[in-house]
Amino acid sequence: MPEITIPSATLELTGRALFPHRHLLSIADLKPWEIRFLLDEAEQWAKANRGNARKHDDRLAGMTQINAFFENSTRTLLSFEIAGKRLGADVVNMHAGQSSVKKGETLIDTAMTLNAMAADVIVIRHASSGAVALIADKVDCAVLNAGDGWHQHPTQALLDALTIRRRKGGFEGLIVAICGDILHSRVARSNMLSLAALGAQVRAVAPPTLMPPEVEMLGATPYTRMDKGLDGVDVVMMLRLQNERMDGAFIPSPREYHMLYGLTPERLAIAKPDALVMHPGPMNRGVEISSSVADDPERSAITEQVEMGVAVRMACLDVLTRGARGVEGWS
Amino acid sequence: MNIPADNKDSMGMSKLAIINGKLADPAGDRLTEGSILIEGDRIVAAGDVTLPQAAERVDAKGLVVAPGLVDLGVFATDKPAFHFGGITRAALMPDQSSPLDDVGLIQQATRAGKPDFWVHPIAAATRGLKGMELAEIGMMQAAGAKAVGTGRQWIADSGVMLRVLSYASGLGLTVITHPEDSGLTGKAVATSGETATRLGLPHAPACAEAMAIARDLMLARETGAAVHFRLVTTKAGFDLIRGAKAEGLKVTCGISPAYLFLNDQAVTDFRTFARLSPPLRSEDDRKAALEAVRDGSVDVITSGHDPRGPEDKRLPFVDASPGMAGAETLLALSLNLVREGLVSINRLMMLLSANPAKILGVNAGGFGTGSAADLIFVDPDAPWIIDSAKMAAQAGNTPFDRVPVQGRVRQIMKGGVFL
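Which chain is which? The protein sequence lines are F and X, in order. Under this note's numbering, the first residue of the first sequence carries the number 1, and numbering increases by one thereafter. Under this note's numbering, the first residue of the second sequence carries the number 1, and numbering increases by one thereafter.
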């Protein structure tokens with residue numbers, strides 16, 4: 001019998017076809033294999049960051065990275081700064097106070113100014129949904145969304161996915177509960193889209209006042225009872241509850257929230273015995289999460305999330321600048 | 001069209017006859033061949049008219065002749081856009097840089113368009129549109145205000161609204177209200193639903209509209225006042241309007257083409273040109289709005305003309321101002337309703353001209369004897385493409401950019417004078 005060669009069902013993608021995007025603005029723009037490609041790239045950086053005492057790589061040498069943060073941030077800004085510096089880029093941080101950027105024409109003008117300074121990549125955080133895409137439209141270089149309003153925070157979703165993949169080996173059949181203030185959370189919106197795209201089952205667990213309508217359309221099943229939402233899950237992803245939501249507008253009080261939705265050891269016991277605990281930080285200890293859970297080295301992946309954040313951001317900065325750097329196949 | 005050379009400065013009582021037109025009489029039920037006899041700035045007769053020998057004749061050459069549009073609720077006096085759209089009168093919303101709560105501002109607004117365009121200002125119901133103290137409605141009426149309005153917002157205090165309605169009804173003025181319960185809407189910029197959830201936009205449930213209508217209907221019943229809901233956009237809202245009309249309350253309502261032809265998905269990609277107030281609704285509500293036009297629940301179609309430049313629109317969605325430039329596209333988009341068989345062209349002119357004139361209490365918008373000789377000559381099938389970059393309006397903020405439409409105004413007569 002003659003030997004039959006069956007051609008591979010998956011087309012082998014190379015170069016720019018692996019990630020044909022100028023910017024990284026939203027998980028919604030990405031195909032599942034593009035998400036996986038970024039995770040694979042980040043995995044290499046995660047290994048390099050752990051393995052070497054000297055972590056410097058000069059592939060972005062001579063390139064300018066501007067971190068334009070129109071909203072306060074400590075850890076995300078730091079993470080992007082470290083990522084850029086490890087790749088050898090000249091990193092400049094711009095903190096724009098909310099007051100100076102009230103008029104949007106100023107926002108566009110700021111974008112034009114950054115553009116005129118010939119940045120090679122701009123990382124933007126802004127308090128308004130859609131603001132980063134608005135700027136991306138006006139500049140010539142790659143733009144990375146570091147969080148826009150309630151809308152998207154794609155690198156957070158990627159670092160969360162990488163953390164889960166490293167701990168759990170994959171996403172197929174995995175049940176992930178995203179718990180807390182889903183309504184106002186760009187982290188939740190980004191994670192629901194990415195985890196559903198990667199094949200996990202996603203649950204959105206929130207009090208009804210903090211659950212967005214038609215959350216099913218983003219690939220999540222809504223639960224308003226924490227105990228039911230956590231039943232049998234592999235990953236518990238807690239969200240930060242903003243202080244301004246605690247004063248009776250959306251929930252009566254922090255202590256009632258902790259009673260009904262806080263992640264305590266008792267509640268964590270409802271999840272699978274090896275369930276992973278995640279939190280994007282900064283945590284409100286004693287509100288959405290108990291310290292004993294947050295600090296449990298067996299269960300908590302919170303510090304690993306921070307570690308993966310640098311790796312993911314290095315990967316994104318590298319991939320988005322490959323065209324400009326003339327990497328073969330990427331122009 | 002062959003327009004008499006002396007028409008443009010003819011302010012005497014000369015007689016003019018429009019012949020060979022297809023008349024879209026709001027009071028009729030189909031287009032009819034006929035003539036319109038005009039003396040000075042008024043219509044003498046329309047239809048099968050015996051024309052006096054002395055009357056100068058203008059050949060309408062088969063164009064549809066309709067009353068000029070009366071646009072009930074615009075935010076700017078934007079004559080180039082109004083002329084393009086065949087709008088000969090507009091009721092100006094009180095939401096100006098200084099709210100129209102003062103006699104001087106009303107007088108100024110009234111004069112702004114003349115002679116070739118008439119502005120009928122809507123007096124602010126409360127000082128500064130703050131929803132607290134009654135404005136000098138009677139004095140503003142004497143200065144030319146034709147209605148009272150709450151502006152872009154609802155009056156949250158029911159006691160204040162009760163007094164606005166009863167005071168205005170004593171003066172014979174209709175109160176034009178914006179039905180959205182402000183407690184529910186808060187800082188919302190979108191209707192609750194999948195699109196708002198995906199984009200992460202502050203949103204409010206569509207029932208905010210019906211809740212506001214329900215209260216104002218109770219107060220209208222209590223006071224006997226005439227109420228016009230400027231924009232009704234939801235099924236629940238129309239159901240309440242139907243019930244109130246059946247009961248005999250003095251209630252009318254309007255809508256804009258955006259709510260008939262777009263749903264909330266139009267704001268995808270944070271398109272600020274589709275940021276409107278009230279926000280665009282679900283597809284089910286859009287269909288209910290079309291049905292309300294068909295069954296006669298809708299009385300008025302308005303452009304809500306609100307030209308906004310990049311300083312108001314090239315912003316993050318939440319920070320952008322609501323509103324669209326609608327004057328130029330009002331007639332062409334509305335003609336879709338005729339083409340789709342929802343209304344006759346006569347009924348459409350009732351919604352665009354006769355009913356708004358009636359609500360304002362001005363003798364215009366129809367072909368009756370003594371009605372203002374404000375006429376438009378329309379080629380209802382002329383195709384064109386809406387282009388936000390080339391609009392006559394002060395700004396091109398239309399959510400209908402690149403949409404092909406049919407219907408162009410070829411000529412306008414304002415007060416017996418061709419423009």
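Take the hints with a grain of salt, since some may be wrong.
Label pairs and their computed distance ranges (CB to CB) [as the list claims (entries may be wrong)]: (1) F/V92 <-> X/Q107: 54 to 62 Å; (2) X/T32 <-> F/M112: 41 to 49 Å; (3) X/T32 <-> F/T106: 26 to 34 Å; (4) X/D269 <-> F/W33: 41 to 49 Å; (5) F/M94 <-> X/D387: 50 to 58 Å; (6) F/A324 <-> X/G183: 31 to 39 Å; (7) X/E283 <-> F/S73: 50 to 58 Å; (8) X/D401 <-> F/T106: 21 to 29 Å; (9) X/Q406 <-> F/L260: 32 to 40 Å; (10) F/M112 <-> X/Q406: 34 to 42 Å; (11) X/D269 <-> F/S73: 51 to 59 Å; (12) F/K31 <-> X/E247: 25 to 33 Å; (13) X/E247 <-> F/P32: 18 to 26 Å.
Everything labelled a hint here was simulated from the structure, so no lab data went into it. For every residue, glycine included, the Cβ atom is placed at its ideal position computed from N, Cα and C.
Results of checking the hints against the structure:
1. Here the CB-CB span from F/V92 to X/Q107 is close to 56 Å, well matched to the stated 54 to 62 Å.
2. A hinted range of 41 to 49 Å is violated for the C-beta pair X/T32 and F/M112, which are about 58 Å apart.
3. At about 57 Å, the beta-carbon gap between X/T32 and F/T106 misses the expected band of 26 to 34 Å.
4. Here the CB-CB span from X/D269 to F/W33 is close to 24 Å, at odds with the stated 41 to 49 Å.
5. F/M94 and X/D387 have their C-beta atoms about 37 Å apart, which leaves the hinted 50 to 58 Å range violated.
6. Distance hint check: the CB atoms of F/A324 and X/G183 are about 51 Å apart, inconsistent with the given range 31 to 39 Å.
7. Taking 50 to 58 Å as the suggested C-beta distance range, the pair X/E283 and F/S73 does not conform, at roughly 38 Å.
8. One distance hint, 21 to 29 Å for the beta-carbon pair X/D401 and F/T106, holds here, with the actual separation near 25 Å.
9. Distance hint for X/Q406 and F/L260: a CB-CB separation of about 58 Å, inconsistent with the stated range 32 to 40 Å.
10. Range check, F/M112 to X/Q406: Cβ separation about 40 Å, and the 34 to 42 Å hint holds.
11. The supplied range of 51 to 59 Å is broken by X/D269 and F/S73, whose beta-carbon atoms lie about 25 Å from each other.
12. Restraint check, F/K31 to X/E247: a C-beta distance of roughly 56 Å breaks the suggested window 25 to 33 Å.
13. Against the hinted window of 18 to 26 Å, the Cβ-Cβ separation of X/E247 and F/P32 comes to about 57 Å, which falls outside the hint.
Checked against the numbered hints listed earlier, the structure breaks hints 2, 3, 4, 5, 6, 7, 9, 11, 12 and 13; every other hint is satisfied.
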